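J.: Listed below, chain by chain, are the residues.
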Amino acid sequence: MGRVLLVYRLAARDLRRHAAQSVLLLLVITATSATLTLGLAMHTVTTSPWNRTFAATDGPDIVAQSFPPPPRPDGSVPQSATQKTNILNAMAALTHTPGVTESSGPFPTASPVLRVHGTTAPVMAEGRDPARAGIDTPELTAGTWVRPGGVVLQRSLADALGAGPGDRVTLGGRPFLVDGVAVTAAQGELWVPGLVWVTRAAAVSLATRAHPLSYVLNLRLADPASAPAFADTHSRAIGTGALGLTPWQQVQSSDTRVATVVQIVLLMGSWLLGLLALASVAVLVGGRMADQTRRVGLLKAVGGTPGLAAGVLLAEHLALALVAAALGLAVGWLAAPLLTGPGNALLGTASSPSLTVSTVLLVAAVAVAVAGIATLVPAIRAARASTIRALNNPARPPRRRGTLIAISTRLPVPLLLGLRLAARRPRRAILTAATLVISVATVTAALITRYSFEVQNQQQGGTGSLPGLLNRPLQGQVNQVVLVLGMIMVALAAINAIFITQATVLDARRPSALARALGATPRQVSAGLSTAQLLPALVAGLAGLPVGMVLVKLAVGLGGGNASGVTTPPVWWLIAVVAGTLVAVAGLTAIPARLGARLPAATVLAAE
Amino acid sequence: MENTAVLRARALSRKYGQDAALVRAVDEVDLDVTPGESVAIVGPSGCGKSTLLHLLGGLERPTGGELWLAGQRIDQMGESALARLRRHAVGFVFQAFHLVDELTAAENVELPALLAGASPRAARRRAAELLEQIGLADRARHLPSALSGGQRQRVAIARALVGEPLVVLADEPTGNLDSGATIEVLRLFDGLREAGQTLVTVTHDSRIAATADRLISMRDGAFVDETRLTGGSTGSLGALAGLEG
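So the protein sequences, as listed, match chains A and B. Be aware that the first sequence starts at 59, since it is given in this note's numbering, and climbs by one per residue. Be aware that the second sequence starts at 82, since it is given in this note's numbering, and climbs by one per residue.
Next comes chain A alone, as it looks inside the complex (with noise of 0.2 Å):
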């Protein structure tokens, strides 16, 4: 019970005594465990708002809708008697195949222009009756349903075009009122061309020669499970047109994939905040070895086992990493509906997750893991140093670069002393690039995503068009999600900085006060500091850039994308990254390599 006390007390005073890093450690194991949470619990807060849509409306296993043969050179679509009464036949056969128990339709539907307040959309208007059908029975979410002369839009439509019920629209140049706007689990919210319901009769005098009327037949079945089988088995060519099924799990697919992506992007943020998190203990727990040394030889000589001195060095880690897990599960948990509410499509609001016990056992097991394995090997070390040698030379010899140093001799005297004293910890320099690699992959893959965006927007016609405006909720939560990531990556890079200079800084507060009593002046000295950050620094810039392309192409291929989307920004994009990571960095190390410069030479030389 003693040793208890002690080791709490000592890894107390300790965590006391360091405040600022310990705040730091806090931070760093905080946002990972945040981020990992936010990505574990999406799956619970993204598919319920559409599970409670497809209740609500008595959604439809299968879609099954005609479409019309190709169009003629006059632009005119083949659409004979025969061919309408084959579609109906064929609809009516599939009512009776085994396994299908109940059936909505068909529905008549033509594919008019929409046009509100000065904008075109090419929409499929549905023929509804007054009464509510027994299957697909679009859920109101503002007006009334359909009456003649009126129309209800779906309401991720409906957002993207800014209409609402009692605005004046057309439909095929005919006036029309919006009654309502509803929500449907039959058609995804990002399908092109739009929903929206009319009358039955509406719907029929809305078809023309170049877009004649088609057919939508809505599907029970007694195993849903089975409807992608269903649909593949019953999809067949009619005449010169065809009759396509849908079933229900494409649809899920489709609506759940904004929260699909932007988990995926959120579990490897979660992840690449993880490896960043190792460096960043790894780097403040190395930077505190001399001290710690030291302490452990204090605590060896007094009568301390080595396991004793170990158990203090990791104590105080494991519980800053616990108190980090905590807090970021509760951050995830709070911040998960923020950044992924239901689509416009979908029914229902943003909750947040349950915590299950699986989550928290995984992220409070990354947390600790991170602390851990950057905490052991410096523990282990200490536990088996010689008490003596802890005691009059804590700190671990510098490594020597011999090849480097030679090289170094032919520059000029900044860089002649970067490279030396980069040289002299090349494990904190490892670190060092380590994490701004994380970090500039992060931002190039969030210009990577967002000029990706705007291609494939062009490519459909501009952000303007129907394509863009329902693509925005997507776009805009993955934009925002990658930018967030970014920003937290990048803050987190650059205190990583200016600690792994403060820890260079007093690493060689004596090859530095021994330069400058041999004749480099406090400008050489300031600069060569910085510069032993610049080095990796510049290797980081350069890795970073393709890390980021993997890494965006990894996640499209995560969420099912299709990588070759993926469009790498202009070269001075790429320039500007690696040029603005070494600007960051020279900036945000010159303050501490300038006071590291100035340290008195004669009382840091009398020191030792």
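The hints are simulated quantities; they were obtained by calculation from the structure and are not laboratory data. Model, not experiment: these values are computed from the prediction. Note that beta-carbon positions come from the ideal geometry of N, C-alpha and C, so glycine has one too. Check each hint, because a few of them may be wrong.
Cβ-Cβ distance ranges computed for the label pairs, FRET-style [claimed, not checked]:
| no. | chain 1 | residue 1 | chain 2 | residue 2 | range |
| --- | --- | --- | --- | --- | --- |
| 1 | B | Arg222 | A | Gly623 | 56 to 62 Å |
| 2 | B | Gln214 | A | Pro470 | 27 to 33 Å |
| 3 | A | Pro470 | B | Glu245 | 21 to 27 Å |
| 4 | A | Ile438 | B | Asp301 | 24 to 30 Å |
| 5 | B | Gln214 | A | Ala637 | 45 to 51 Å |
| 6 | B | Asn257 | A | Ile438 | 31 to 37 Å |
Among chain A residues calculated to face chain B with C-beta under 7 Å, some are [said to hold, decoys possible]:
| no. | residue |
| --- | --- |
| 7 | Arg482 |
| 8 | Ala575 |
| 9 | Pro580 |
Given chain A, put chain B in place with the hints provided.
T.: Same frame as chain A, now just chain B:
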């Protein structure tokens, strides 16, 4: 005399703290060091010897008085200008050697030359010459950790000489050495004195003090006695120091 002095101090002072906590580490010291002269400063621990040496080399700022190095007033000189002046005017030898751990003996010696802008080849050649002179040519590629204390201090002396400084300032150069290594360093200093190298040495060691042309005693930051030693290492005091025979 003023024009020829390598170092000239007038009422040079360095104070720390104030009021009751005021410490006069160096208290209105006057000093002239002429070219080729060897000056030893002795005194008890804490009397201000090292502080004076740091002031003379521009590593520390005086709080009062005037100081000239190589004819230039340096007590109000900026840090960068001081650093540039040090490259050619001053060579430091420290009690704790202060060799860079990860550099070999040769790389340590050539460091000041590189900082002064010498070409890598010239710096390496000069370092090799100096290591040859101090008898450590065969240790040129050794790291400081592989050298004895005496060898490390000899490397530090070679480093101090690489820029061909006007004056070498040595702070307890034998303070961390055993008697054998002390003799090695004493011989080296004697050789420097005979070669006309200007030397200011702070020491506790009467044997190294005996090699000087002038012996200054310091107490409580002030000079309390000054003796001109005519013979140096080649006279009777040199014999006493064990440098002859």
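J.: Take the hints in turn and mark each one as holding or not.
T.: Hints and how they fare:
1. One distance hint, 56 to 62 Å for the beta-carbon pair Arg222 (chain B) and Gly623 (chain A), holds here, with the actual separation near 58 Å.
2. Distance hint check: the CB atoms of Gln214 (chain B) and Pro470 (chain A) are about 30 Å apart, consistent with the given range 27 to 33 Å.
3. At about 22 Å, the beta-carbon gap between Pro470 (chain A) and Glu245 (chain B) stays in the expected band of 21 to 27 Å.
4. For the pair Ile438 (chain A) and Asp301 (chain B), the supplied restraint of 24 to 30 Å is violated, since their beta-carbon distance comes to about 51 Å.
5. Against the hinted window of 45 to 51 Å, the Cβ-Cβ separation of Gln214 (chain B) and Ala637 (chain A) comes to about 49 Å, which satisfies the hint.
6. Between Asn257 (chain B) and Ile438 (chain A) the CB atoms are about 33 Å apart, so this pair conforms to the stated range of 31 to 37 Å.
7. Because the beta carbon of Arg482 (chain A) sits about 6 Å from the nearest beta carbon in chain B, less than 7 Å, this interface hint is met.
8. Interface hint status for Ala575 (chain A): upheld, as the beta-carbon distance to the closest one in chain B is roughly 5 Å, under 7 Å.
9. Interface restraint check: Pro580 (chain A) against chain B, minimum CB-CB distance 5 Å, threshold 7 Å, status holds.
Violated hint for the displayed structure: number 4, the only one.
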